[in-house]
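Top to bottom, those sequences are chains V and C. Residue numbering for the first sequence follows my numbering, beginning at 165 and increasing consecutively. Residue numbering for the second sequence follows my numbering, beginning at 457 and increasing consecutively.
Hint data in this document are derived by calculation from the structure and do not stem from the laboratory. Virtual Cβ for every residue (Gly too), placed ideally from N, Cα, C. One or more hints might be untrue.
[Unchecked claim] A few chain V residues that face chain C, going by a derived Cβ cut-off under 7 Å, partial list only:
hint, residue
1, Asn196
2, Ser198
3, Gly200
4, Glu212
5, Ser243
6, Thr246
7, Gly250
8, Asn270
9, Val272
10, Asn273
11, Ser305
12, Gly312
13, Pro317
14, Tyr384
15, Ala386
[What the hints assert, rightly or not] Calculated pairs, EDC-like style, for lysine to aspartate or glutamate (alpha carbon to alpha carbon, straight line, at most 20 Å):
hint, chain 1, residue 1, chain 2, residue 2
16, C, Lys534, V, Asp276
17, C, Lys534, C, Asp547
18, C, Lys580, V, Glu212
19, C, Lys534, V, Glu313
20, C, Lys551, C, Asp646
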Amino acid sequence: MKRKIFFLLVWIVSISAKAQDNFSSGLLPGINVSIGLTDRFILSNKIESRQVILEKLSEDMSYKFVLMDVSSVLSFRTSANTRINGGYLIRIVDDRTLHRFIQQFNLVNNLDRMRLAHRFALDQTIGKDLPMEFRTRYRISLEKPLSGEKADPKEFYLKLSNEYLWVVQNKNSDVEIRFISLLGYTANTKNKIEAGFDYRFNEFLLSTSDHDLWINITWYVAL
Amino acid sequence: MKAAYKSLIPIILIFILSNEGITQTKFEREYGINKTEAPKKAVDFIDSCNFSKKINWYAEESQDGKTFEAKTKHRNHKFSIEFDNYGVLLDVEQKVDFDELDESVKTSISKTIGDLFTTYKVRKTQIQWTGKSKGLMDLIKNGRSDKPYTTQYEIIVDARKDGFSSYYEVLLDSSGNPLEVLEIKQPNADNLVF
Numbered sequence: 165m166k167r168k169i170f171f172l173l174v175w176i177v178s179i180s181a182k183a184q185d186n187f188s189s190g191l192l193p194g195i196n197v198s199i200g201l202t203d204r205f206i207l208s209n210k211i212e213s214r215q216v217i218l219e220k221l222s223e224d225m226s227y228k229f230v231l232m233d234v235s236s237v238l239s240f241r242t243s244a245n246t247r248i249n250g251g252y253l254i255r256i257v258d259d260r261t262l263h264r265f266i267q268q269f270n271l272v273n274n275l276d277r278m279r280l281a282h283r284f285a286l287d288q289t290i291g292k293d294l295p296m297e298f299r300t301r302y303r304i305s306l307e308k309p310l311s312g313e314k315a316d317p318k319e320f321y322l323k324l325s326n327e328y329l330w331v332v333q334n335k336n337s338d339v340e341i342r343f344i345s346l347l348g349y350t351a352n353t354k355n356k357i358e359a360g361f362d363y364r365f366n367e368f369l370l371s372t373s374d375h376d377l378w379i380n381i382t383w384y385v386a387l
Numbered sequence: 457m458k459a460a461y462k463s464l465i466p467i468i469l470i471f472i473l474s475n476e477g478i479t480q481t482k483f484e485r486e487y488g489i490n491k492t493e494a495p496k497k498a499v500d501f502i503d504s505c506n507f508s509k510k511i512n513w514y515a516e517e518s519q520d521g522k523t524f525e526a527k528t529k530h531r532n533h534k535f536s537i538e539f540d541n542y543g544v545l546l547d548v549e550q551k552v553d554f555d556e557l558d559e560s561v562k563t564s565i566s567k568t569i570g571d572l573f574t575t576y577k578v579r580k581t582q583i584q585w586t587g588k589s590k591g592l593m594d595l596i597k598n599g600r601s602d603k604p605y606t607t608q609y610e611i612i613v614d615a616r617k618d619g620f621s622s623y624y625e626v627l628l629d630s631s632g633n634p635l636e637v638l639e640i641k642q643p644n645a646d647n648l649v650f
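Work the whole structure out from these sequences, hints included.
Structure below.
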């Protein structure tokens with residue numbers, strides 16, 4: 165049944181893409197471990213991989229390990245609901261290594277029976293023989309508990325995100341849009357897990373677009 | 457493809473194993489319930505209030521026990537009516553705008569909170585009433601009662617203290633004197649931040 169739902173989603177996304185567009189789908193598993201250093205500082209470490217299962221809809225269906233990201237972000241709480249973050253990510257893709265520098269500002273609002281979060285971010289990526297890539301990002305996320313007013317331990321929640329990225333590299337620019345829909349489970353105050361779909365539409369300004377549909381599963385641990 | 461799914465197994469397994477002991481730990485949890493799951497005495501009290509709007513029932517479990525809450529909108533305000541496990545009425549809370557409070561109470565509360573913090577913004581104001589159920593019923597219906605009852609104010613503020621801002625819950629008596637000041641720990645937001 166789950167397999168049918170997955171392929172139905174893949175089909176819906178693929179028919180919305182133009183014939184010459186690229187399409188790929190796969191898994192995006194990750195673990196985020198946050199360490200509270202002081203009341204105001206958190207060190208967040210994440211490891212995430214990207215694995216393609218399907219490319220160009222039914223033509224190629226083979227497993228391919230695409231990349232691995234390892235990141236470390238230092239987060240400073242500037243007020244009751246705002247944070248500024250700065251960090252570094254190393255990306256291992258094929259036989260190449262890319263380095264990314266990250267700056268973020270976060271605002272999390274506690275509303276009645278939901279949380280609304282805004283993330284404004286900049287990042288710069290460098291790699292051997294590659295021009296530096298600059299990205300400007302904005303993400304809005306909504307977390308809605310499925311029971312009660314907040315996602316207490318042993319309760320499920322729904323998380324919806326929409327992100328816009330403006331990418332500039334070598335005087336060329338592009339826009340990427342992401343829609344993320346996840347079901348989350350708060351196991352206790354220190355552990356939560358989220359799983360669902362992450363749809364990315366990039367090379368937005370080019371004649372041939374890229375559509376990706378990932379199954380995202382992330383485990384958040386707070387130490 | 458099988459290999460791809462296999463890569464998810466370690467995450468799921470580690471997550472499950474690491475949470476084996478969860479049931480033994482302390483926790484607080486609020487969840488929606490059906491009216492039929494609430495104590496009969498509590499349901500009878502709410503029925504006798506004749507609310508016209510929908511009533512949502514919640515159960516709250518913590519290390520201190522289990523309580524039940526009926527939430528509804530009445531007279532253009534949100535009401536929360538809390539009962540113990542046996543349906544005994546514990547308190548009634550009415551959410552109001554800070555400016556709706558009596559001028560003298562507002563002045564007194566503003567002075568108290570102003571003395572506690574360098575700067576503050578009121579984020580939420582609730583009037584809490586405790587007493588016998590007949591008096592509380594009058595207060596729910598008309599906002600006043602000639603029967604004995606106690607009034608307290610619960611104010612949530614986004615306030616700055618010692619150069620750092622946070623959310624605080626300030627509980628005050630009917631004259632605006634502080635009874636309790638608690639810093640509200642924000643729930644983990646790693647999944648919304650990173």
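Violated constraints from the hint list, given by number and in increasing order: When the structure is compared with the hints, numbers 3, 4, 6, 7, 10, 18 and 20 turn out to be violated.
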